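> Chains as they are written, first to last, in our numbering: chain A, 22 to 321; chain B, 10 to 418; chain C, 2 to 276.
Fair warning: there could be bad hints in the mix.
[Stated by the list, open to error] Pairs of lysine-lysine residues, derived as DSSO-like cross-links and limited to a Cα-Cα distance of at most 30 Å, are as follows:
hint, chain 1, residue 1, chain 2, residue 2
1, B, 283, A, 286
2, A, 286, B, 119
3, A, 286, B, 222
4, A, 286, B, 190
5, B, 164, B, 236
6, B, 119, B, 383
7, A, 286, B, 164
8, A, 286, B, 403
9, B, 125, B, 236
[Stated by the list, open to error] One side of the interface only, derived from the structure: several residues of chain A facing chain C at Cβ under 7 Å:
hint, residue
10, 52
11, 72
12, 134
[Unchecked claim] Pair by pair, the computed Cβ-Cβ distance ranges are:
hint, chain 1, residue 1, chain 2, residue 2, range
13, B, 36, C, 27, 51 to 57 Å
14, A, 82, B, 164, 53 to 59 Å
15, B, 118, C, 136, 48 to 54 Å
16, A, 98, C, 185, 48 to 54 Å
17, B, 183, C, 74, 55 to 61 Å
18, C, 27, A, 229, 55 to 61 Å
19, A, 219, C, 190, 57 to 63 Å
To be clear, the hints were calculated from the coordinates, so they are not data collected in a lab. Since the model is a prediction, treat every value here as computed from it, not as a measurement. Beta carbons are placed, not taken as given, at the ideal position from N, Cα and C, and that holds for glycine.
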Amino acid sequence: MRRLYSSLVDGRGFDLCLIGIPLAFLIVLSGVPLIYNVVMSFQAVDMFSLGSFIRPWVGFENYRQLIAQPEFWPIMGHTATFLAASIAGQFLLGFALALFFWTNFPGASWLRGLFLVSWVMPGLVVGAVWNWLLSGDFGVFNFVLRELHVISGNVFWRSDPTFSLWSVIIANIWLGASFNMILLSVGLSSIPGDLYEAAELDGAGALTRFWTITLPMMRSTIGALISLGLIFTLQQFDLFAAITAGGPSNSSNVAQYWAWDLSFKQYDFAKGAAISVIMIVVVMLASVYYVRSTRHEVRG
Amino acid sequence: MKTSAILGAALYAGAAALGMAAHAADPVTITIWCQDDERQPGLNLAKEFGEKNPDIKVVYRQIHFDDVTSEAMRAYSTGQAPDIIAIDNPEHALFASHGVFLDLTDRIAKSDVIHKEDYFPGPLASVTWDGKIYGVPKATNTIALYYNADMFKAKGLDPDKPPQTWDEMVDAARKLNDPDKNVYGIAFSAKASEEGTFQFLPWAQMTGGGFDKINTDGAVRALTIWKTLLDEKLASPDTLTRGQWDSTGTFNSGNAAMVISGPWELNRMSQEAKFDWRVTLMPVPEVGAPRSSAMGDFNWAIFKNSKHPDAAFKALEYFVSQDPRVFPDWGQLAARANIEIPPTGDAKKDAAVKVFMEQLKYAQPRGPHPDWMKISKAIQDAIQSALTGQATPKDALDQAAATIQGILG
Amino acid sequence: MSETYRNRLLLVIALLLAAIYLFPLYWMYITALKTGSEMFATPPSFWPDDPQWSIFPFVFQLKGMGRFLWNSVVIASGSVALIAVLGTGAAYVLARYRNVWVDVGLFLVLMLQVLPASLMITPIFVLFTLTGILDYPRTAVILAIAAKSMPFFIVLVRATFMSVPMELEEAALVDGNSRVGAFWSIVLPLARNGILVSAILIFMQAFGEFVYSKSLIQEIELQPSSVGLNAFMGPNTNEWNRIMAFASIYVTPILATFVLLQRRIVSGLTSGALK
Chain A
22 MRRLYSSLVD GRGFDLCLIG IPLAFLIVLS GVPLIYNVVM SFQAVDMFSL
72 GSFIRPWVGF ENYRQLIAQP EFWPIMGHTA TFLAASIAGQ FLLGFALALF
122 FWTNFPGASW LRGLFLVSWV MPGLVVGAVW NWLLSGDFGV FNFVLRELHV
172 ISGNVFWRSD PTFSLWSVII ANIWLGASFN MILLSVGLSS IPGDLYEAAE
222 LDGAGALTRF WTITLPMMRS TIGALISLGL IFTLQQFDLF AAITAGGPSN
272 SSNVAQYWAW DLSFKQYDFA KGAAISVIMI VVVMLASVYY VRSTRHEVRG
Chain B
10 MKTSAILGAA LYAGAAALGM AAHAADPVTI TIWCQDDERQ PGLNLAKEFG
60 EKNPDIKVVY RQIHFDDVTS EAMRAYSTGQ APDIIAIDNP EHALFASHGV
110 FLDLTDRIAK SDVIHKEDYF PGPLASVTWD GKIYGVPKAT NTIALYYNAD
160 MFKAKGLDPD KPPQTWDEMV DAARKLNDPD KNVYGIAFSA KASEEGTFQF
210 LPWAQMTGGG FDKINTDGAV RALTIWKTLL DEKLASPDTL TRGQWDSTGT
260 FNSGNAAMVI SGPWELNRMS QEAKFDWRVT LMPVPEVGAP RSSAMGDFNW
310 AIFKNSKHPD AAFKALEYFV SQDPRVFPDW GQLAARANIE IPPTGDAKKD
360 AAVKVFMEQL KYAQPRGPHP DWMKISKAIQ DAIQSALTGQ ATPKDALDQA
410 AATIQGILG
Chain C
2 MSETYRNRLL LVIALLLAAI YLFPLYWMYI TALKTGSEMF ATPPSFWPDD
52 PQWSIFPFVF QLKGMGRFLW NSVVIASGSV ALIAVLGTGA AYVLARYRNV
102 WVDVGLFLVL MLQVLPASLM ITPIFVLFTL TGILDYPRTA VILAIAAKSM
152 PFFIVLVRAT FMSVPMELEE AALVDGNSRV GAFWSIVLPL ARNGILVSAI
202 LIFMQAFGEF VYSKSLIQEI ELQPSSVGLN AFMGPNTNEW NRIMAFASIY
252 VTPILATFVL LQRRIVSGLT SGALK
């Protein structure tokens with residue numbers, strides 16, 4: 022009993038306890054639902070049997086049918102474009118803003134806080150506002166571009182198959198840049214200032230200092246942000262529903278919206294689950310990459 | 010000693026409270042799920058029914074219309090279903106055919122309040138499955154053509170002779186279209202959702218087509234006309250991603266000269282449209298062709314595993330008995346031919362309601378079919394791929410017909 | 002270039018950037034003041050013809066916003082508390098060691114939040130029905146949100162712990178502190194800012210959480226603002242001006258609070274504490 026207590030306070034038990042409880046919590050509340058989806062993707066699902074696990078087993082039939090659908094590969098392609106462009110855009114814009122506000126002129130900290138507006142506005146509202154901003158006829162985006170003489174006629178961001186996916190990406194970059202910025206700001210502010218002073222004495226230019234001090238010091242923050250960016254982007258759903266509804270003609274449809282549409286609009290829960298399993302596999306690969314990248318981290 | 014006395018008293022009080030609670034649970038409780046808020050019939054009628062029947066406790070849950078079906082499925086499969094639900098009419102068959110709703114045929118036959126023959130054929134068909142009746146139409150709506158009479162006059166068109174055929178409508182749209190003034194000839198919705206199907210299906214039905222014969226020559230001609238409207242920019246390209254409500258918003262703000270939409274717009278339009286607006290019946294393929302229109306709105310139904318089907322049916326009877334109030338109090342149209350629509354004092358609105366009541370006679374349900382949403386999806390895909398130029402209208406509709414054939418078996 | 006001149010120039014650029022970035026917020030406010038169809042007018046109107054100021058008190062009363070806001074606060078606070086208590090410890094352990102088990106733990110944490118809430122809600126609903134948690138709907142939502150957002154918290158706070166020098170903790174252990182003591186009095190205070198920022202971000206997310214709340218909470222008395230907001234959208238009607246007014250009422254105070262808080266958190270404390 023004493024040993025147990027001392028282990029809890031001063032040994033392995035302390036660590037196991039700290040990590041064990043949250044993991045158990047997550048496994049019950051997120052793991053079980055995930056498994057439910059995985060199991061469902063191999064079954065024939067009647068929409069009125071959602072409450073039970075036991076259903077006729079069909080093997081890979083759902084997957085076979087899904088891949089045979091003509092929209093499958095285009096939608097996977099859109100998903101990849103959406104992920105890559107959104108994550109890169111959010112991160113670069115967020116980093117640029119964080120560096121800009123890091124120069125610490127008077128008023129910088131106030132203004133920086135305002136940027137979190139995209140994090141606070143409810144998804145329904147963000148979607149609706151971007152829907153109007155990007156609208157072809159009365160959209161402010163076109164209005165400004167016209168006034169600046171960038172375009173001569175209206176661009177139908179939402180309804181032109183060439184642009185529809187990009188209209189959602191633009192909105193998503195806006196949405197995610199702020200949390201990248203705030204967290205990168207926290208990371209930047211924790212880099213000891215004397216490192217820069219020393220480098221400056223050695224005659225290192227601004228760019229060199231950025232590459233040799235800022236980036237390496239921010240490594241764990243950047244790794245965390247990019248993996249979270251991946252997950253947030255994969256979960257992004259409101260914007261698709263509000264701006265394009267995946268249209269026109271699936272040109273802006275992505276895996277997560279398609280999964281929802283199959284499950285809750287066409288009531289084909291098994292195929293919806295099959296897509297979610299494909300998403301899980303993709304994230305699994307990405308997580309392996311993230312975890313491997315943390316190998317090189319140095320603490321402190 | 011003292012403590013135990015207090016404890017004893019507390020226990021006694023607790024037991025009494027429990028007894029009371031058990032007693033209080035005796036009145037029948039019925040749960041109603043409906044999307045209506047304070048300004049719509051569902052919530053008000055449910056509340057009134059509870060007040061008029063002290064022995065029945067009514068629990069009302071306002072549920073968003075997008076979620077009605079998925080919430081209901083989830084609740085039913087875990088034994089948490091409500092007693093009464095208001096469900097969108099094309100989804101009624103899904104529940105009825107799975108034996109989830111209570112068969113009301115006999116109860117309605119015996120009822121003094123609900124009479125089958127009072128209802129328009131379209132709404133009645135939507136609650137019917139396999140010859141039995143599984144619900145009661147809650148209200149109904151349809152679509153017709155709104156037009157801006159002031160713009161008609163300005164462009165030399167006669168506002169008393171609105172377009173009656175498809176060709177006349179396209180001609181009118183060409184004349185009314187005025188890009189310099191930011192005015193489109195017409196607005197409608199071809200969105201990749203149920204709204205797109207809702208707007209397109211009537212066109213196919215007027216030519217003898219339907220969801221089971223979606224690739225008739227007439228339907229192909231209809232989709233070709235839609236494509237013409239978009240290709241010539243007589244309608245906004247955003248028609249492809251915009252729902253009916255937002256499309257009609259552009260008509261109200263004076264940026265479209267005509268719009269195809271329903272009576273749910275009447276209140277907003279009479280408040281916000283600062284011009285002479287009117288409504289005419291949906292144009293037909295050619296003079297003398299049969300009319301058709303879409304049929305929307307919700308139905309009441311009782312879940313089969315309701316513990317109090319009698320009380321639930323009594324509630325439905327009360328709702329039906331109040332049908333005459335549905336328009337004057339809440340601006341919706343009852344699904345019945347034998348209800349007088351009293352004047353509202355707004356001449357434009359009164360004239361419009363008359364047109365919609367006429368149009369309702371031709372309204373046809375979507376389906377009924379248990380897999381309606383998959384059929385609808387095939388139609389939406391055809392509309393979208395034709396309008397974006399990825400397939401010709403003929404090929405797109407042939408493809409949809411093949412998919413639908415697979416679903417119908 | 003003098004210091005003041007540089008500062009002014011930067012401030013002007015910053016204001017410009019903020020103006021562009023905040024435009025959607027401005028559009029939310031302005032749409033609340035427009036009449037229903039004015040928002041569809043071409044060309045767009047940047048200031049309404051006839052601003053409907055009365056919409057704010059009207060919406061507040063119509064939907065009983067006080068109650069909705071209170072429920073949002075309860076749900077968001079509960080979620081943050083649960084996440085902070087469970088997540089901080091997990092993040093600490095995942096930052097302290099570097100072995101295969103930590104890899105597995107990190108991997109699990111990331112994997113478990115891959116699916117959007119809309120795909121998780123059905124199994125969660127079934128789970129909560131079977132266990133009876135559904136009878137306590139707000140608790141049910143707090144649990145669901147905690148499960149969804151905790152990985153986010155763990156990953157971020159772990160990155161913060163990584164920046165706390167290991168030597169400080171070791172020095173404390175050498176001084177005779179127990180592991181608990183060192184964690185509590187040395188490591189935790191040093192990671193305070195990262196934890197606070199992450200907790201605030203979680204609070205804001207939880208405040209607007211929608212998918213779980215609408216499905217798990219059936220009684221209107223217990224629903225949060227996000228669900229109340231959605232009630233303005235019906236079949237064939239979207240009362241955009243009311244939706245925007247409702248959203249404005251709830252976004253503004255949170256944003257203001259955050260601007261005040263983050264100023265202290267991000268700029269003030271860390272650098273001093275670490276030196």
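> Broken hints, numbered, in rising order?
1, 2, 4, 6, 7, 9, 15, 18, 19
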